[in-house]
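Following the hints, put chain B in place on chain A, whose structure we already have.
Protein chains in written order, with our numbering: chain A, 1 to 178; chain B, 1001 to 1183.
To be clear, the hints were calculated from the coordinates, so they are not data collected in a lab. For clarity, every value in this text was computed on a predicted model and none was experimentally measured. Backbone N, C-alpha and C fix where the C-beta goes; we use that ideal spot for every residue, glycine too. The reader is advised that the hints may include incorrect statements.
Claimed, not checked - In silico EDC-like cross-links for lysine to aspartate or glutamate, where the CA-CA straight-line distance does not exceed 20 Å:
| no. | chain 1 | residue 1 | chain 2 | residue 2 |
| --- | --- | --- | --- | --- |
| 1 | A | K103 | A | E135 |
| 2 | A | K103 | A | D30 |
| 3 | A | K41 | B | E1161 |
| 4 | A | K41 | B | E1101 |
| 5 | B | K1072 | B | E1101 |
| 6 | B | K1141 | B | E1021 |
Said to hold, decoys possible - Footprint (simulated), chain B over chain A, 3 or more residues, beta carbon under 8 Å:
| no. | stretch |
| --- | --- |
| 7 | 81-90 |
| 8 | 150-157 |
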Amino acid sequence: MLGPTLQTERLLLRPPCEADYAPFAEMMGDVELTRFIGGAKPPALAWRGLATMVGCWAMRGYGMFALIEKETGAWVGQLGPWKPAEWPGNEIGWTLARRGIGKGYAVEGATAAMDWAFDHLGWTEVIHCIDPNNEPSIRVAERLGSRRLGPIQCPPPYDQVESIAWGQSAEDWRARRA
Amino acid sequence: MIAPGPTLETERLILRPTSGEDLDGFAALMGDEEASRFIGGVQARAAAWRSMCTMAGSWVTRGHAMFSVIEKSSGRWVGRLGPWTPEGWPGTEVGWGLLRETWGKGYATEGAAAAIDWAFDNLGWTEVIHCIDPGNVPSQKVAERLGARNLGPGKLPAPFESAPIEIWGQSREAWRARVRSRA
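One chain only, chain A, in its complex shape:
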């Protein structure tokens, strides 16, 4: 196994695998869902995107988790720690499939992922890189207790995407969770 499986009230967070390809490709091909993360991708690029995430787990021991809805067993998105080369910080990111949105899953899953990242990766702070027009994700960041830190430059291939960093320290997170 590439990494741990975490559990919340309604969700399982486990490392991604090949079986996630169909729902992953559907999400990455959805113009609306990908609007703030570089736009819709054809299946060949979605496959590479999933392999990239799996490969990050294999080489670094972490990456975004696949988000599984306990009640149905359905794949409903990906979420968690993500720090590509030259990334401007330790990100906790999220992207949800259509069947996963509007249920509070991003906040519920990101909470578990942040607990894990602070406890197991030695991270002392996290950021979320969010398009300034991405209202739903801004609300998730606010619910997580993150503050707006200001504009941030992401490296290629996201160097043309406008991003605002949100974030908080491990201390603030733990104080809020206590």
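Showing chain B alone in chain A's frame:
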């Protein structure tokens, strides 16, 4: 950490799965206009990191991917080559891409031969292909040395569909007959 998979050895090369320590090599390969010209074009280091992760991920999800190639005499990473079957690909490919300063030594042919042996013995493949740009003469020569024939124009999946490629290849039987005749 290193992706799961076998390590192969040839006279001058070690072929092993992708490792996190290969980033400088991937960045050098993909940052070189000439070396990256026929394998997707120049990538910044951050994008090369993603390409490296994709390779490592394919080792996990597919059980195969291009090996990282280590030059035995120096211990350095000199490129990546081997089986590669991403989504929508026109066949079971063994591909190669090497740092420019290691061209001209026969490494691509030496490494690809080991990778083809491994793919036929372990992946159940019945043929191997190489997708080669009609202008990529050095790779055409490698394919010829491997015994592949030009099977005609092919097409890669979107967003790579405008890349002009010809598919070179051969059957498992033809490959094995040639290996036997050399033995």
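Check your understanding: Honestly, which of those hints from before does the structure not fit?
Key -> 4 and 6
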